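What follows is each chain in one-letter form.
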Amino acid sequence: MSQIELASPVAPDWHRWRQGLFNGWGNGLVTLGTLATILWLALPLFRWAVIDAVWFGTSADCAEETAGACWAFVGAKLRFMLFAFFPPPLQWRPALVVAFILTLLAVSALPRFWSFRLVPVWLLALLGSWLIMAGTGAMEPVSTNHWGGLPITLTVSIAGLAFAFPIALLLALARQSDMGILRCLAIAFIEVLRGVPMIAILYVAMLIVPMALPSGATIDKLLRAQIGVTLFFSAYLAEVIRAGLQVVPVGQREAALSLGLSRIQLLRLVVLPQALRAVIPAIVNLAIGIVLNTSLLAVIGIYDLLNAAKTSATDPGWLGFYSEAYIFAAAVYFVICFTGSRYSLWLERKLNGANRR
Amino acid sequence: MTRFLQPGPSGPGPVLRLRTWIGPLPLQQSLLFVGVLLLFAVLGQNTADSMHRMGLTPGFAFLSHQANFEIGESVLSYSAGDSYARALAAGVANTVKVAVAGCLLATVLGVALGIARLSGNLLLASFVHGYVEFLRNTPLLLQLFLWSAIIHALPPPRGAYTFLGSVYLSNRGIYLPSLSIEGVPTIVWLSTVVLAVLAAVLLCRQLFAGSAFYLPKSAGVALAVLALCYLALTSLGFAASVEIPAKGGFNIRGGLSLTPEFAALLVGLVVNASASISEIVRSGIQSVKSGQWEAARALGLRPAQILRLVVLPQALRVIAPLMISSFLDLTKNSSLAVAIGYPDLVSVANTTANTTGQALEAIIIIGAVYLTISLSVSSVMNVYNRRVVLRGEGKR
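Residue numbers (my numbering), protein chains in the order written: chain A, 378 to 734; chain B, 3 to 398.
Think of the hints as simulated: they come from the structure by calculation, not from any bench. Treat the numbers as computed from the prediction; the structure is a model and nothing was measured. The beta-carbon is built from N, C-alpha and C at its ideal position, and this holds for glycine as well. Don't take each hint at face value.
Selected chain B positions facing chain A (in silico; Cβ < 10 Å) [unchecked claim]:
#1 L27
#2 P28
#3 L125
#4 G239
#5 A242
#6 I365
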C-alpha cells in the first residue's frame, strides 16, 4: 500500500475515487451493491426525517397521517431535554455551567496550556459549578433532586475523571509495587470493579450505601452516584496508567536511582512524566467512555441527558415522540464524543511526532 | 577427615519467601490490611443493623421462599410461586442465552464489517467507517432504547413486515424459520454432530497439513462426514424439517419467535459489539507488517494461502485477547436489559430486592455471577496469551 502512495504521491482526487470504486468488475459490483443498500436504507429515512418532517407547529400538526419526524417536539421540549426539572426561571444557572465547562474544556485541550495550574482551576470550576447549581448565599437554593440534563452528564463525567485520577494513580503504583499485601489489595479492588457491570456498582451506591452508613447519616443521591462512577472508572483508569508505567524503560529508573534521586523524586521527575505522556490519548478515550456510560444514571432514576430526553416524550402535550427525543440526545452525545475521539487521534499524532524528533 | 560442604536448600525457605513476597514496610502493610478489614466489618455491621431495623434478617434464607412475580420469558421453566433461587437461576439462564447468541452474531457481523473496511472499496469502507463512528460515539443504553422504540413501532402481526414470506417483523416480536428435529433426543444428535465435526477437523489436519487446496479438500471431507452423520441419525429415526412461521388470524404461529424485549436487546448488543469487533479485526490484520505479505507472495503463495498461513496466525495473536474482552463487555452490557424489560439476571435480582428487601444479597449474587464469568474467562485468556507470546516474539 505504501508503494502505491510513493509511486503517485499527488494522485488527483477523481483518480483515487475511480481506483477505489471501479478498478475491476468485482469492485464495481461491490460499489453498486453498497450504493443500492445505502439508498434502500437512507431514502425512507430521509423522507421521514426531512421531507415529511414537521419542523414547526404543535403536536396536532405532528399527529397527521402523513407527518414524518416531529422536530417541532424537539423545539418545544428543548429546555426540558437540556435541563430537566431545573426550575425554568433559574435555568440560566445550568446554562452558565455548561458554557463555562465547555470553554474550559476547549482551553485545556490545547497542549500549550498544559500545566499543573490547570488542576486547581478545574477543582475550583467543579466547586463553582456545584455552588452555582445549588444556589448558595444570595441565590435561591435548588435541591439536587431537581438537577438534570446536560449539566449532570458533563459534571458527573468530568468530576468522575478528575477524582478517579489520583485514586487510579495510587492503584496503578500499588499494583506495580514490590509490597505483596498492598499489591493484592490493589489487584482485588481493580479486578472486582472491572469484573462486574456498572449497573451493579450503581445499585450498591443507591441501595447498599444508605444502609451501610451509621444510622442518621445520609449522603445525597447524586453524590452517591458520583462516588460510584468515580470508583468504577478509577479501576479502568488504573489499568490505563499501569500500561503507561510499563512503557518506561527499566534503564530510566536505574539511571535515576544511580543519580541519587529518592523514590518520590524518581516517580515525580522521571517515571510519571513519561508514563502519563504515553497514555494521554488512552485517557481521552476513557473519558469518552465515561461520558457514554453516565447514561446508565438513567437506570437509577437520575435525570441525565438521556433520561431527560426519554422523560420529555412522556409529556401529555407531546406524548410518544420517543424516536425524535432519542435522536436529539444521540446527536448531542455524538457531537461531544466524536469531537473527543478526533481530538484523541490528533493528540496521538502530535505526541508521537514530538517523541520522534 | 574431610568435611564436605553440604549444599544448601535449593531455594529460599517458606519464611524467607513470604518475607520477600511482602517486601518492604511489612508492619504498615499489615496495618493497612487490618484497616480495610475493619472498614468492611463496620460497614457490614451497620448494614446488618439497618436491615434488622427494617425487619429483615441478613442471609440467603429467602432464596427458598416463594417468589410471587412472573418472569416475561425464560429458558428454564419458571412460574410465579417457584422459589427465588429458581427465579434467579432463570435470570442467569436468560443472561447466558442473550450473551451466547450475542457473541456469536457479533463475531459474524463484526468480522464481515472488518473485512469490508479492508476491502479496498472506498464506498463500502467509508460506509462501514460511518457506521462504526456512530455506534462508538453514542451510549449503548440510548441505542437499546432506540431499538426498543423501533420494534414497538412496528405494525401489529396482521400487517407485519415480511421478507421472502418466512421472516416476520411485528410489534409482538420477530419470527424466524426454525429447524425442528424429531425422533432423536437433542443431546444425542447434538453430541453426534459435534463429535463428527471434531473428528473431521483432526482428520483434515492429519491428512492435508501443508498441502495445496487445503480448504476445498477439507470442505469435501466435512461434507462427507456430515452426510454420514445424517445417514446414521436417519437410521435411528431422525427427521429434520424447517418450520416456517405463518400468519394466522391475529397472530403469527410457528417458527422461532423472539419477544420484542429480547429482540431489541440482542440487536442492540450485536450491532454495538460488531462495531468494536470490526475495529479489532481491522487493526489486527493491519498489525501484520506489509513485508510479511510481500515475502509470502515472493514464495509463491496464493492470496488465500497468505491469509491462512502467514497473516491470520500473526493477526490472531493481536485479535484473540481483544475479542475475548469485547465478549466480556457484551456479557456485562447485557445487564442493561433491566432498562428495556428483558428479564436477565440483574433485572430478576432487582425485582427480588424490591419484593424481599434483601438488596445486599441480591447485589452479592449479581456480583458473584459476573465475577465468576469474568475471572474464569480472563484466567483462561492469560494461559493462552502466555502460550502465543512464548511461541512468538518471546517476552516483551
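Legend entry - Hints not upheld, ascending by number: 4 and 5
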